[in-house]
Amino acid sequence: MDLRALYEEVILDHNRNPRNYPKRPEGTNHTAEGHNPLCGDHVSVHLRVENGVIQDLGFEGEGCAISTASASLMTEALKGKSEADAKVLFDRIHDALIADGVTADEVTESLGKLAVLLGVKEYPMRVKCATLPWHTLQAALKQVDEPVTTE
Amino acid sequence: MSKAETTALEHGRNLFDVYEVRKDFPVLHQTVNGHPLVYLDNGATSQKPRAVIDTVSHYYETYNANIHRGVHFLSENATREYEAARDTAQRFINAADRRETIFVRGTTEGINLVAQAYGRPRLKPGDEIILSTMEHHSNIVPWQMVCQQTGAKLKVVPVTDEGEFDFEAYLRLLGPKTRIVATVHLSNSLGTINPVKKIVEAARQHGAVTLLDGAQAVPHVAVDVQDIGVDFYAFSGHKVFGPTGIGILYGRQELLDAMEPYQGGGDMIRTVSFEETTYNDLPYKFEAGTPNIVGAIGLAAALDYVSNLGIDAISAYEDDVVAYATDKVADIPGVRIIGTAPEKSGIISFLMDGVHPHDIGTVLDSQGVAIRAGHHCTMPLMKRFGVAATSRASFALYNTKEEADILVAAIWMVKEMFKR
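Chains as they are written, first to last, in numbering that gives the first Met the number 0: chain S, 0 to 150; chain P, 0 to 419.
Take the hints with a grain of salt, since some may be wrong.
Pairwise CB distance ranges, derived in the manner of DEER restraints [as the list claims (entries may be wrong)]:
1. Tyr-59/P to Lys-86/S: 34 to 44 Å
2. Gln-142/S to Pro-25/P: 48 to 58 Å
3. Gly-111/S to Thr-159/P: 49 to 59 Å
4. Asp-94/S to Arg-171/P: 52 to 62 Å
5. Pro-21/S to Ala-50/P: 48 to 58 Å
6. Pro-36/S to His-28/P: 46 to 56 Å
7. Ser-272/P to Gln-142/S: 24 to 34 Å
8. Glu-49/S to Arg-335/P: 43 to 53 Å
9. Arg-419/P to Asp-104/S: 41 to 51 Å
10. Asp-223/P to Gln-142/S: 51 to 61 Å
11. Asp-330/P to Arg-15/S: 31 to 41 Å
12. Trp-411/P to Gln-142/S: 20 to 30 Å
Example chain S residues on the side facing chain P (calculated, C-beta under 8 Å, incomplete) [what the hints assert, rightly or not]:
13. Leu-2
14. Ala-4
15. Arg-18
16. Tyr-20
17. Lys-22
18. Leu-37
19. Cys-38
20. Gly-51
21. Val-52
22. Glu-61
23. Cys-63
24. Ala-64
25. Phe-89
26. Tyr-122
27. Val-126
To be clear about the criterion: a stretch of chain P counts as covered by chain S if any three or more of its residues have a C-beta under 8 Å from a C-beta of chain S, and this derived list gives those stretches [as the list claims (entries may be wrong)]:
28. 374-383
29. 410-419
If you're looking for bench data, these hints aren't it; they were derived computationally from the structure.
Quick reminder that beta carbons are idealized off the backbone N, C-alpha and C, glycines included.
Using the sequences and the accompanying hints, generate a full structural model.
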């Protein structure tokens with residue numbers, strides 16, 4: 000069991016210094032709260048979306064290194080992206096994390112820096128930590144009022 | 000340490016050879032992620048000694064049958080062993096009568112039984128049920144449900160910064176409307192041992208009925224329900240080296256007799272017609288349906304195992320190991336122990352600056368060390384301490400100081416990995 004595959008330097012760095020955290024951008028018009036009842040972690044994602052483009056985003060809350068780094072990397076990756084692009088990226092990350100077996104090279108490549116999150120696949124109990132911010136983002140874009148949970 | 004104390008400890012050690020004890024637990028002898036397993040999640044569930052495993056296998060291999068109804072050889076054997084298991088449980092907690100020892104699925108079912116079969120028909124709007132902040136959800140939610148059904152209200156005893164039951168505050172909460180006091184004997188998140196005898200005595204002076212959640216206490220400290228004077232005491236088999244899905248609810252006979260059944264079905268009846276059903280006597284009135292027969296028999300094997308080692312020798316041994324581990328964990332810079340009551344047992348709950356408990360749990364697992372990270376089903380208590388979760392190492396009679404050293408080394412590794 001190689002812990003470094005999970006806690007890669009990029010993960011540790013984003014946990015130590017989360018980007019866009021704690022932040023609720025000026026003019027936020029989409030927001031959602033996510034909760035993992037298993038561990039009590041919670042995350043809020045705030046976005047300012049104009050003409051279908053995520054102009055700015057940030058997150059708040061408390062979580063483990065995996066969920067914090069995942070949220071931080073997510074905000075970095077999505078700034079300036081269209082809602083449609085965000086949806087594509089969500090699906091790609093989600094599918095890669097929950098699919099069995101080795102992730103295809105082309106998928107890993109398409110994820111760019113976000114590929115570090117795939118280390119969590121070896122730790123089934125921790126996959127939800129990585130997906131929580133992404134589910135919360137989805138809810139924010141859909142503007143679902145109910146808090147989302149990982150269950 | 001006084002001479003008397005030293006002698007007592009040596010006495011405990013002489014009686015208790017942990018390396019011999021460990022041989023009784025097959026599961027301990029394996030490697031996890033390339034390291035010897037260090038199992039410190041006993042608060043969640045305990046491992047099973049060979050005696051329990053063999054008892055369970057023997058039941059299925061030689062006398063599996065339904066009880067209380069067969070007129071054949073296997074059924075008679077199964078019935079005899081099931082009822083003998085009740086006697087063992089009765090002796091273990093020193094209940095006055097075997098009829099006061101009800102087999103249930105576990106602590107949770109025991110508490111729900113009392114809430115519904117004792118509380119629900121008796122509670123009136125405005126009546127009060129006293130709990131403490133350190134309760135497990137299983138000693139909160141059943142009472143909330145009965146409050147919704149009856150209009151009764153919960154009153155909550157705070158805990159101190161050290162994690163102690165605030166006895167003075169408790170005395171102030173007790174009053175003419177107090178009907179039930181339900182609290183934990185040994186806190187699963189903090190390890191605090193509550194002054195249950197005093198708690199029960201004060202409740203009785205106000206005419207309140209008492210229930211203790213003994214899930215964590217039973218594997219660590221001697222429990223004598225008559226000495227405590229409690230009305231109801233619930234515990235689970237799997238925390239005390241027995242199978243899952245079985246537990247004991249002790250209840251004073253006078254109260255149990257006055258209660259209506261909790262569930263209806265086979266075994267709990269005397270006669271059934273569509274016009275009228277009459278109920279069986281104690282304890283069967285509360286054991287509807289085919290029970291967990293092998294669970295009960297396995298639990299008795301576990302209780303016998305503990306009794307043979309001696310609960311006082313176990314307590315003395317564990318306290319020594321946990322005190323050793325506590326000092327070493329507390330010495331790690333940036334680590335803070337939650338729950339520092341003078342009276343505590345078995346559990347070290349801790350926080351580490353800048354590192355989430357789940358990350359600690361994962362790194363420890365990579366070193367073969369099994370702990371629990373989370374809220375431990377005590378969310379109100381976590382809120383009291385201003386945290387979402389803690390890391391919890393929970394010890395049992397088979398854990399050693401060498402294992403405590405491995406735990407401590409693994410925590411240092413976490414610290415190194417997440418250093419800023």
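How the hints compare with the structure:
no.: 1; hint: Tyr-59/P to Lys-86/S: 34 to 44 Å; result: 53 Å, violated
no.: 2; hint: Gln-142/S to Pro-25/P: 48 to 58 Å; result: 54 Å, holds
no.: 3; hint: Gly-111/S to Thr-159/P: 49 to 59 Å; result: 51 Å, holds
no.: 4; hint: Asp-94/S to Arg-171/P: 52 to 62 Å; result: 57 Å, holds
no.: 5; hint: Pro-21/S to Ala-50/P: 48 to 58 Å; result: 54 Å, holds
no.: 6; hint: Pro-36/S to His-28/P: 46 to 56 Å; result: 35 Å, violated
no.: 7; hint: Ser-272/P to Gln-142/S: 24 to 34 Å; result: 60 Å, violated
no.: 8; hint: Glu-49/S to Arg-335/P: 43 to 53 Å; result: 45 Å, holds
no.: 9; hint: Arg-419/P to Asp-104/S: 41 to 51 Å; result: 34 Å, violated
no.: 10; hint: Asp-223/P to Gln-142/S: 51 to 61 Å; result: 59 Å, holds
no.: 11; hint: Asp-330/P to Arg-15/S: 31 to 41 Å; result: 24 Å, violated
no.: 12; hint: Trp-411/P to Gln-142/S: 20 to 30 Å; result: 46 Å, violated
no.: 13; hint: Leu-2; result: 5 Å, holds
no.: 14; hint: Ala-4; result: 11 Å, violated
no.: 15; hint: Arg-18; result: 16 Å, violated
no.: 16; hint: Tyr-20; result: 14 Å, violated
no.: 17; hint: Lys-22; result: 19 Å, violated
no.: 18; hint: Leu-37; result: 7 Å, holds
no.: 19; hint: Cys-38; result: 5 Å, holds
no.: 20; hint: Gly-51; result: 35 Å, violated
no.: 21; hint: Val-52; result: 33 Å, violated
no.: 22; hint: Glu-61; result: 6 Å, holds
no.: 23; hint: Cys-63; result: 4 Å, holds
no.: 24; hint: Ala-64; result: 5 Å, holds
no.: 25; hint: Phe-89; result: 23 Å, violated
no.: 26; hint: Tyr-122; result: 6 Å, holds
no.: 27; hint: Val-126; result: 12 Å, violated
no.: 28; hint: 374-383; result: holds (count 3)
no.: 29; hint: 410-419; result: holds (count 3)
Hint violations for this structure: numbers 1, 6, 7, 9, 11, 12, 14, 15, 16, 17, 20, 21, 25 and 27, all remaining hints satisfied.
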